[in-house]
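Chemist: Here is how the chains run, residue by residue.
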Amino acid sequence: MRSRSNIEVRRCRPLLGTFVEITACGRDERFLARGIEAGFAVIATVNRLMSFHDPLSDVSRMNRDAFPKGVKVHPWTWQVMKVSKRFAERSHGTFDITVAPTLTAWNYLPRYGYQFSPTASSRDIFLRRNYEVFFCRSLIVDLGGIAKGFAIDRAVDALKENGIECGTVNAGGDLRTFGPTSQLIHLRHPTDPTRIAGAVRLRERAMATSAIYFQRRKHRGRYVSPLLDGRNDQAACKLISVTVAAAECMTGDALTKVVFALREKAAGLLAQYGADALLLECDGAPSWMFHSSCDTPDRTRFD
Amino acid sequence: MNSEFVFIALPVSALIAPSAFAVQYLTVDQAQKAIFPGKSFTGSPIKLTGDQRKAIEQASGVRVLRDEQHVWRVSGGGWFIVDEVVGKHEFITYAAGLTANGSIKQIEIMDYRETYGGQIRDQKWRVQFVGKTSKSTLKLDSDIKNISGATLSCRHITDGVKRLLAFYEIALKH
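Top line first, the protein sequences correspond to chains A and B. Residue 61 in my numbering is what sits at position 61 of the first sequence, and the numbering runs on without skipping anything. If you want my numbering, it's the 1-based position in the second sequence plus 303.
Here chain B stands alone, though its shape is the one from the complex (with noise of 0.2 Å):
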């Protein structure tokens, strides 16, 4: 068995290509069933106004980037909520179920994306993802299916979560 364990050098081109890695794990649909299994979902995205805004960036310590959440109401009780962070290398696309008093039942990543070279910052790179299949995004490296070695901390996830719980109390509890 050990034999195996052989590296493999790659290629010159793909040694210097990959600046980019992206895997989409579920789609909404995927995610909601995922989370809340057998439950239909009403969907309504919720404004926040400018007092809200700042209520949930006082209560969290997270900065609001995005004044719309979209938000499902979940039959039975609790709400799934989509959501996304940036970081400094990494775009990320996640869902949060909520339970009907408004504590985490589950949190599954939809989209990841990394990269560098700054194109994270860039509203146009982001928005290219937005809304694609799952094959349009698997696109990039799609044959890199396993890395060893650090991965980047879920420090933003963690982040995300925090502001989603005060969003919930601030705007959705009510």
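The shape of chain A in the complex, shown without the other chains (with noise of 0.2 Å):
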């Protein structure tokens, strides 16, 4: 039975191109919603800085103006691209937010008109002290693989910051849970979205899932999918899901591409971020399941 002493505020807006779930449990109903608005307005902030749609945002002024000239951005934003440029680092191009070119071509992101040169790749950014970001090459970003768990994270500090001790944010899929409760999240089935494949239980966590079921499309006679491997241009066509826990959303979310790419082979990025991570193939049974060994995975840190 629900008492006065424990009422759960559920909401739900469309924001980042999904549905954006934020929870919060406590005592006030109005003390939650409260905190619960402070969360969205964070992440209508993030929308707005990261969008590739709208073209006030900093990814469109950077598209179009950090090459050869340079933009300065929010930031936040700025921050992104400095975490970006990192994961694209360690994985060796794995990921990699400048994949953009291949998903405007296989109709995943709109045109635009913009400019770039085919090699370009994360090495040609580079990020000034002072905000700026700079494009050595005509390139264009998309920070649609990272900027959700980012937003995530930022929505679950406005609501620490608001006095909310117990709360789950949703974007889409990834997720984070603070406060002393576990959450159950059921994972869907790989191959289809109708079904659950299983549960993970979470506290004081963040998880991330990709899979292609909704994303799929033939394109000139063949499976494409948005989920690309920086180091060729492959897309994933596999019917398989890969979930990432990790403390932070941003994390989860980027990490999630990688071990796609790399299945396996992802287990000493996953160990560096204090990642856990776990593969379903195609029958939903889990075929790959890497527990990091560190327990108290550092903050991403941003300097």
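It should be emphasised that the hints constitute simulated quantities derived from the structure, not laboratory data. Glycine included, every Cβ here is placed at the ideal spot set by N, Cα and C. Heads up, none of these hints are tricks.
Keeping only pairs whose Cα atoms sit at most 25 Å apart, straight-line, the calculated SDA-like set for lysine to any residue is:
(1) K336/B / L475/B
(2) K408/B / H53/A
(3) K336/B / T45/A
(4) K218/A / S456/B
(5) K465/B / Y112/A
(6) K465/B / E37/A
(7) K448/B / D28/A
(8) K342/B / A41/A
(9) K448/B / D283/A
(10) K336/B / E29/A
(11) K238/A / F310/B
(12) K448/B / R195/A
(13) K218/A / E393/B
(14) K448/B / M289/A
(15) K448/B / F178/A
(16) K238/A / T418/B
(17) K336/B / R30/A
(18) K465/B / A44/A
(19) K448/B / C25/A
(20) K448/B / N6/A
(21) K160/A / I338/B
(22) K391/B / T104/A
(23) K465/B / T45/A
(24) K448/B / P286/A
Okay, the calculated bits of chain A under chain B, using three or more residues with CB under 8 Å as the criterion:
(25) 6-16
(26) 178-186
(27) 197-204
(28) 241-252
(29) 276-288
Quick one: dock chain against chain with the hints and give me the complex.
Modeler: This is the structure we're talking about:
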């Protein structure tokens, strides 16, 4: 039975191109609603800064002008760019935010008439200390593989700053829980989103799942998906799913893409970030599970 | 903490069963309080003429499926609208708050239902949810509270909001 000491408020809004749900638990409904409002507000800010579609976003401004003159961006955008670059280095280019040209060619992203050099990569991105981003070759970036995780992390910060002690932020299936109680998180079946393949219990941790059930499509006679291996622009087409749990959702969000491409070979990188991974095969059965031995992973540092 | 990361396989019955996923976030009353706290509401459904319908479709580029729109005038200015969108797999009721000058103040999802296997196109299937209380909607898989894995895009809501803004210009503003 619900007592006054344990109310749950759950709200959902369309943001980041998907449905964002924030759940907060506590005593006072108005207090919880205020915290949730603050959470949605920061997600809306991230949405505004990092949308590929909004011509006024930092991402659009960088894509237009970071080559050759450089663009000053919001510190949050700068942080996400910094972390993306580090992920690209550590995954030897498997995770790469500069694969946007291929995504536009396959109609996952609109074209907007950007100019880009086909061989450019994250290595051509330079970040100056004054929050200026500079591309030394013509390229376009898409933060779709990481911004959602970042937005969730900032929303959790906002909820905590507003005194919320327990809650969950779920943005289109990437989520983070905080507080003393654990949550049961169900996983979709890799080939059939109608079905649930199993569940994972989560406490004080983020989790992201990548699969292509909703996005795989045919392009010129072959299957493509928006999950690209940055090393060769090959799309992931196998109907498997990859789930990564980490302290921060941004880490989990980015790592799912790396594990999708590298599978077991991603173990070293997972350990570096104190992350766990679970790979479900087409039949819904787990084929590989990685437990990070590091129990207290660092928060991602922004420098 | 990491020892908790364990895959929990579900019983076979659960693996086959879920063909629908539904959550009720807000009733009309709760949505009104969430978007316009402390205000009062005067409701009146607005019936569209054929011409208005066409004009809305032309202005928004989105099809108008229903002639009637649930609209409430908010004390002190502004509008509260309850609208529905139907996608390939989703049937969603949401509330939109419009300021007195017709810009979007806030959008809240009221009911989210996701289903597969074609029911969504079946008017009878959709009708079973209309006007239901939170208890009856939540009966579907109430134990599933969080799903990890890509969710549907919110494109249909974005289209719905475009249509509402055109609806405001054409049927509400004057």
